[in-house]
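These protein sequences, in sequence, are chains A and B.
Just so you know, we're using this note's numbering here: the first sequence kicks off at 1 and counts up by one.
Just so you know, we're using this note's numbering here: the second sequence kicks off at 1001 and counts up by one.
In short, the hints are calculated from the structure, not lab data.
Be a bit skeptical, because a hint or two may be false.
Listed next, the in silico BS3-like pairs over lysine-lysine satisfying Cα-Cα at most 25 angstroms (straight line) [what the hints assert, rightly or not]:
(1) A:36 <-> A:118
(2) A:116 <-> B:1066
(3) A:76 <-> A:33
(4) A:118 <-> B:1066
(5) A:76 <-> A:147
(6) B:1066 <-> A:147
(7) A:57 <-> B:1294
(8) A:57 <-> A:147
(9) A:76 <-> A:116
(10) A:33 <-> A:147
(11) A:116 <-> A:36
(12) A:116 <-> A:147
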Amino acid sequence: MKSLGILSAGLVFAAALGTVASGDDHVDPAVMKAVKARQAQMQLYAFNLGQLGAMAKGEVDYDAGAASAAAGNLAKLTSLNGRAVWLPGSDDATLGEDVTAALPAIWEEGSEIGDKAKALSMAAAEMESAAGDGLDALRGAIGDVGKSCGGCHEDYRRSDD
Amino acid sequence: MRRLALFVIGLAVIGLGVFWTLSAPERLPADALAGIEGDAEKGARVFYAAGCASCHAAPEAEGDEKLILAGGMRFPSPFGTFIAPNISPDETHGIGDWTAQELADAMIHGTSPEGAHYYPAFPYGSYGRLATHPEGLKEIAHLHAFLQTLPPSSAPNAAHEVGFPFNIRRGLGLWKLVFANEGWVSSVPGDDAQLERGRTLVEALGHCGECHTPRNAVGAPLNGQWLAGAANPSGEGRIPGIDEMNWSARDIAYYLETGFTPDFDSAGGHMAAVIENTSQLPEEDRAAIAAYLKAVSQP
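Next comes chain A alone, as it looks inside the complex (with noise of 0.2 angstroms):
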């Protein structure tokens, strides 16, 4: 019984040296998996947009082939399942704003956050199968995707940087 105590005690020292120097200091190296999960698929957002507004902002040529799989890119990025990185307790006021922009909000009760990831993946769908179909059918779907990008950061990122 003296060992289990003795061995207990040295299994929680170990556990919170490993914690110490893991790197990311105050964050458990598990919920930071899934902040930095979340936030490159955000980058893989911005980055097929870009290809896709840089044709809506006539900064390159429309190119129909180019806009279809950017556009598809997006719509199977914005359909993936969000469970694991969207973690509770993964929010800015609990591991810093230096850590996530994730509002508490998301996961507080009334939060929205299922009804405007679904409106979201509907927009990048339409605008998937739009974007092969000219310059204008892209633009007019791109303000739509942008309206829902906006629905959610409205309320659930913080906004200041």
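Mind docking chain B on chain A? Use the hints.
Positioned in the frame of chain A, the structure of chain B alone reads:
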């Protein structure tokens, strides 16, 4: 002793009289809108340019619900919390019984139909610049016509949560005397219609400076630091300056259309609500805003 007391009372009466005169609410001349006919269709453009729904829609409104201007949104500030009133066309709780002239008095002078001062959380300091614009009063008459076409709401108005001394509305008259109606911040060449339109949209209707320009200790905008970025009146964080972003005119116009930054991040916070309005404007208006912002941000 008695003479001294009388003297002090006399001074106080004179002081009160001066205060009362200086703090009197202003109104437009009675015939200011004579011969002006509001056009609801043109008013829609004014409505989106002025961003009425961003503050006056119900707090959780989405999509078309944003056209029900029931009020109720809360605006915390260092002076207390302001609660947006109902400006739907309901005759009891909203502004359905207002004339175009009364709307113009509210937007230009911050004066209610009953002759009370509005708090400058209502951006009449910006809208007031319309008074010196040749089309300004027409724009307000169009807006008045458009507001009448929106659905009424019977939501009652909540009182602002503002403590002493800011709860004495009459005192706002002095604030206005010193800080409001300062005219245009930037001068634009008279023959440049695009810059002129951009200035009207940014400085007056869009009231961009209300958030993007810093304020002094009593909440008046420091127009010497026009659009230089400011503390967020709601508390934490900072609202960015326009210069520091250094976007092209096309980037700015595209951001106002879609909410996408040049890096394809997207607008958040209250700016997402602003984009909901600017995305409804004609393309030429977004281009005018961008042209004006580029013009004023050049060294």
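To see whether the hints hold, each was checked on the structure:
1. A:36 <-> A:118: Answer holds: residue 36 of chain A to residue 118 of chain A is near 22 angstroms, not above 25 angstroms.
2. A:116 <-> B:1066: holds (17 angstroms)
3. A:76 <-> A:33: holds (21 angstroms)
4. A:118 <-> B:1066: With Cα atoms ~21 angstroms apart, residue 118 of chain A and residue 1066 of chain B stay inside 25 angstroms; holds.
5. A:76 <-> A:147: Holds - the C-alpha atoms of residue 147 of chain A and residue 76 of chain A are around 18 angstroms apart, at most 25 angstroms.
6. B:1066 <-> A:147: Holds - the C-alpha atoms of residue 147 of chain A and residue 1066 of chain B are around 14 angstroms apart, at most 25 angstroms.
7. A:57 <-> B:1294: holds (18 angstroms)
8. A:57 <-> A:147: holds (17 angstroms)
9. A:76 <-> A:116: holds (16 angstroms)
10. A:33 <-> A:147: Measuring from Cα to Cα gives roughly 29 angstroms; hence the hint is violated.
11. A:116 <-> A:36: Holds. Residue 116 of chain A to residue 36 of chain A sits at ~21 angstroms (cutoff 25 angstroms).
12. A:116 <-> A:147: Satisfied, since the Cα-Cα distance of roughly 10 angstroms is no more than 25 angstroms.
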